[in-house]
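*Asks:* Residues per chain, in single letters:
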Amino acid sequence: MEFGTSGSLSEDGIHIDMDRLKKGEVNLGTSIMAVAFKDGVILGADSRTTTGAYIANRVTDKLTRVHDTIWCCRSGSAADTQAVADIVQYQLGLFAMMNGKPPTTQTAAAIFQEICYSNKDRLSAGLIIAGWDERHGGQVYAIPLGGSLHKQPYSIGGSGSTYIYGFCDSNWKENMEEAEAVDFVKEALKEAIKWDGSSGGVIRMVVLTAKGADRHLYLPDTDYKVRHT
Amino acid sequence: MFPELSPGPQLLPGPRRSPKADTGALATHQTSIGTGYDLANSIFSPDGRNFQVEYAVKAVENGGTSIGIRCKDGVVLAVEKVITSKLLKQSANKRIATVDRHLGVVYSGMVPDGRHFVDRSRDEARAWRDTFKTPIPTADLASRMGGYMQAYTLYQSVRPFGITAIVGGFDSELEAPVDGEVGNGPSVGAGGKNPDKKYGGPFLYMIEPSGLYWGYYGAATGKGRQAAKAELEKLDLAGTGALTLEEAVKEAARIIYVAHDDSKDKEFELEMSWISGAGGPTKGKHQEVPKALREEAERLAKKSLQDDDDEDEEKKEDDKMEE
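If you read the sequences in order, they're chains A and B.
With UniProt numbering, the residue at position 87 of the first sequence is 87, and numbering never jumps.
With UniProt numbering, the residue at position 47 of the second sequence is 47, and numbering never jumps.
Think of the hints as simulated: they come from the structure by calculation, not from any bench.
All residues carry an ideal CB built from backbone N, CA and C; glycine is no exception.
Careful, some of the hints might be misleading.
[As the list claims (entries may be wrong)] So, partial list: chain A residues that the calculated Cβ filter (under 8 angstroms) puts toward chain B:
no.: 1; residue: K23
no.: 2; residue: E134
no.: 3; residue: G147
no.: 4; residue: Q152
no.: 5; residue: K194
no.: 6; residue: S198
no.: 7; residue: H216
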């Protein structure tokens, strides 16, 4: 991998390349998360898209469908993550037609990972894959910057996630009821939005269960209390 | 002037017949001689047959008998290896191949064609693992190899495979991780799955030279297929009281011996492999049946044949024709 001469070496010796994004590139300075619960899995995200300090979109949808009950949360470059999600959506659609059965979350995660790993030099994409399928139930996979694949009970990502590690660690429970899990995601993202300058706008969620995909929308106008449709 | 195009019938030797007489003659005769329509692949005869494929089937029908049995907890593959020379080393020159950890292939017909089929099967299994990071399901391998064999019936530059292949596999009933993933989900397991549904299990497919493939409970091909099929049909393979894997191994050995019975003059060697689930003797892997079990199965097979012969002799005395 090309490290270049830009960026700075921080105190602990970790090289942070501040120029990963091109000048003016649209960035999803983001708060995203996904949580497995009793009946499936929930994805959640804020809605802020920035180009530097400018908010390019305040109502972005960072939760992207790649198959009926397999979705992903996107963070990093908007262009890169959209392109990757588009490829995976095509591949999974093809898979479903050719095999006569829907793909599993694993299948999706495997395809995402292959793309992210083999193009690691060129992509800035931090993804969380979450899906429900009949055989495996709700599952969460994280694919951070280098293209590794992590199976997790729940996952948080994006710049805003740094502020909510403590919150999530103390509030997350295994096998939550749907309402409880929705509440957990909402409270976590509220904190992330509060503290992270690059996160903001509305809170979007998708609940994936045997019944399919159910979208939630919460607006800051009502302090994220009311579910809009 | 354009040179006159020569459609199939004009290539035929002998006097040209009118189309009407032509169809009439062929429909009544239905010979297995192609009379000009068998000179290349991808040429249909007027009554819709592909002679090259039919000749390939003939090659299969001369090969040593292969069978596959799908029972409730696994798959058994067996083949009758006709000994063509006393100089060949015993139990060398294996005929059953492993395609992936959980997949085995056996075939009757032209051995070099079978070897190429196995090579291609391994490539397909590998390609599936590369893209989906998970083992290829038996059904998908059968589908891909069926497609591959079908392609060899289409082009002038190739000939059909001179084999019929039997593909056996055990798709894991467990939840397999994506190859290379790290970490775990919740310790209580993923939520919202259907607990009543079972996944994976033993599967058996047979692929013919035409590319045709079906899933079977019991499959047989090669010289002794008729006798073998008759024996397979007597087994309870679909019912709930279905055969266990170990019983199936013994039946497989017996069936190969029975099928060989018609051509007793030639000596043969029995080769067998099996695949069980994760909880069974092979732990989900395709393996050769252990020597001790194979020899026990062969002993029982020989004994059963001996008993049948004795029975036949007793019967002969009071053999009455009844209706």
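*Asks:* Looking back at the numbered hints, which does the structure fail to meet, lowest number first?
*Replies:* Of the numbered hints, 1, 3, 5, 6, 7 do not hold.
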